[in-house]
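J.: Spelled out from the first residue to the last, the chains are:
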Amino acid sequence: MKIYVSRDSAAKAVGAERVVAALRAELAAQGVEAEIIRTGSRGMVWLEPLVEVDRGLGRMAYGPVAPGDVAGVLEGSAESLGLTEEIPFFARQTRLTFARCGVTDPLCLRDYEAHGGLAGLRRALAMSGDEIVAEVTASGLRGRGGAGFPTGIKWNTVRQAEAEQKYIVCNADEGDSGTFADRMIMEGDPFTLIEGMVIAGLGVGAGRGYVYLRSEYPDAIAVMNEAVALARAAGVLGADVLGSGRSFDMEIRSGAGAYVCGEETSLLNSLEGKRGVVRAKPPLPALEGFLGRPTVVNNVISLATVPVIFEKGAAFYAAFGLGRSKGTIPVQIAGNVARGGLFETAFGMPLGALVDEVAGGTASGRPVKAVQIGGPLGAYFGRDKFETPFGYEDFDGQGGLIGHAGLVVFDESADMLKMARFAMEFCAVESCGKCTPCRIGAVRGVETIDRIAGGDAAAVTVLSDLCEVMKDGSLCALGGFTPYPVLSALRGFPEDFAGVREAAE
Amino acid sequence: MHPQPSEEEIRPVVQAHLHLEGPLLPILHDLQARFGFIPEAATRVMAEALNLSVAEVIGVISFYHDFRKAPAGRHVLKLCRAEACQSVGSDALAASLLGKLGVDWHGTTPDGRITVEPVYCLGLCACGPALMLDGVGHGRVDAPGAIAILEEAGV
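Keeping their order, the protein sequence lines are chains B and V. Residue numbers -10 to 494, in this note's numbering, belong to the letters of the first sequence in order. Residue numbers 1373 to 1527, in this note's numbering, belong to the letters of the second sequence in order.
For the record, the hints were derived by calculation from the structure and aren't laboratory data. Please note that the accuracy of each hint is not assured.
Here are the simulated DSSO-like cross-link-like pairs (lysine-lysine), alpha carbons at most 27 Å apart as the crow flies [what the hints assert, rightly or not]:
1. LYS423(B) with LYS460(B)
2. LYS460(B) with LYS270(B)
3. LYS263(B) with LYS1441(V)
4. LYS1472(V) with LYS407(B)
5. LYS423(B) with LYS270(B)
6. LYS407(B) with LYS460(B)
7. LYS423(B) with LYS263(B)
8. LYS423(B) with LYS1441(V)
None of these values were measured; they are calculated from a predicted model.
With the hints as constraints, model all of the structure from the sequences given.
T.: In structure tokens, the structure reads:
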């Protein structure tokens, strides 16, 4: 008998360690031989702690499991959810980037290889740098951090730059509320990120890589450090990558609690040991990045998707998706939802299907009022925008953005004026201070929303003006995109702004 | 006033990272892990070792939320204030906990037992409200649950 329990920090946060301890105690008491394998997360967070038991007929799921339930789970008398792969939330997905996550032991390289790992790297090692970049370009992969910039074009710029040393920097500063895809893949399948970074290094001619990982993710930092050490020991990293004579090595660096360091130029300054202030562009990081040298800065999911593109081919990957949004996107469903978790699917699924069907509406059972898509800089969409297909251009056309593809669902009790105020407050707390529209604008934004709440109708125009200035005049997305949640709340839910005004009169 | 480590204690910690590209953040993390805060004397040592001005080093330390100039309480509680946790009631949870502990955000109880800090996302957004106590995350936390977590940790 094999038993699988996730070691993902979301599973641990809801009691997975206690369940494992209870399982061990129960197995010992019954004198039953069983292997407990700690995997990454299947992404069905509402079922965590999820226990899967394989008695030779596939992995039967039980969840959420409390320590008191383990005897029933072991003897099979507890009610099972059936085979994990057949749970509708799981069965509806197209798992490419997350194919191994939740299935394998994240720190077992043999398990990784047995499930398709390193096949992409082996193929890339037989290709020229130009061919590698062309493959990524043909896949249609775009930056999964939020900007959606074509990854192949970025790589090509770095490839063509002349320099003694180039770098691959992985942006793992996943600070957006409602997003946890980076954390999940780093904790659940770290070798795929490492493999993706090695392929990127081979493609652009970079010999060193860094993962800038936020300090709020101590488990991910530990897993990544362990995985890098294992990969180095196995010759996946180092002076002679898989015996090819090519070299690539990498390090994990910890952030220090600054949200703005998720912005690529601010991240590079932080990695260099400076204040995490934003740099003006140009020069592009692709030409003058880390320590002034050509640097690929890619999000975790972009890099972690590279191995499957090389394993299965660019055409296979590009066949999924919608229009210019090719491939799959790991949608993270969070907040007030009945079924929260990570749902990887081809681009194109309507927002409403994700919220109502996949997530099953709210956890509170009350009607959905708003969904914030793309983190604290993303717009709030009401039900009137639920037809919008999940894609970069489609969301842009509706005055929003997909960002890092996190959905935060709110029920009807949400006060949208309060959410708009929070967006400005957050921007004020996290502003790097370099540009005035963000540094001062966010503070004035909080004050102006307070005036609206106090019944000052004229302040609505001031707020709209202020948002225009922040959008047009900020150096980076922090100041530039904070108007998305603010204006979408104001325009989509005017009653929350008017109601206060009437009450004050 | 808390005891300040000497330059002799600080210097080897700084030197251990000088071979890195961009060593300052790793140095600061290491100093804080060892001493619980960034000692004032360390700014001079770092400035000298990295050929920076003391002002530049202080500028870096003050930029980041993580680094402290003085030790925190014996336990550090980080409560998530971000949107996903707000959607499931984190504001009320925070108000209740801050009230019970008698501190405001960033505050430490007078007996030095615990420091409470806001955090903007722990990546536990599908199982909120979330908190982290001494580096260990907890999800689906309500007020009685939070009290139980604190009691179990001996707070």
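J.: Run the distance test for LYS423(B) versus LYS460(B): straight-line Cα separation, threshold 27 Å.
T.: holds, 15 Å
J.: Against the 27 Å threshold, does the CA-CA distance of LYS460(B) and LYS270(B) hold or violate the hint?
T.: holds, 16 Å
J.: Next pair to validate is LYS423(B) with LYS270(B); report whether the Cα-Cα distance is within 27 Å.
T.: holds, 13 Å
J.: Is the straight-line distance between the alpha-carbon of LYS263(B) and that of LYS1441(V) 27 Å or less?
T.: holds, 18 Å
J.: Given the proposed pairing of LYS423(B) with LYS1441(V), does the C-alpha separation stay at or below 27 Å?
T.: holds, 24 Å
J.: Against the 27 Å threshold, does the CA-CA distance of LYS407(B) and LYS460(B) hold or violate the hint?
T.: Between LYS407(B) and LYS460(B) the Cα gap is close to 21 Å, so the pair holds against 27 Å.
J.: Is the straight-line distance between the alpha-carbon of LYS1472(V) and that of LYS407(B) 27 Å or less?
T.: OK: LYS1472(V) and LYS407(B) at ~24 Å, within 27 Å.
J.: Checking one constraint from the list: CA of LYS423(B) to CA of LYS263(B), max 27 Å. Satisfied?
T.: Distance ~13 Å between LYS423(B) and LYS263(B) Cα, so the pair holds.
This entry satisfies every hint, going by the numbered hints stated previously.
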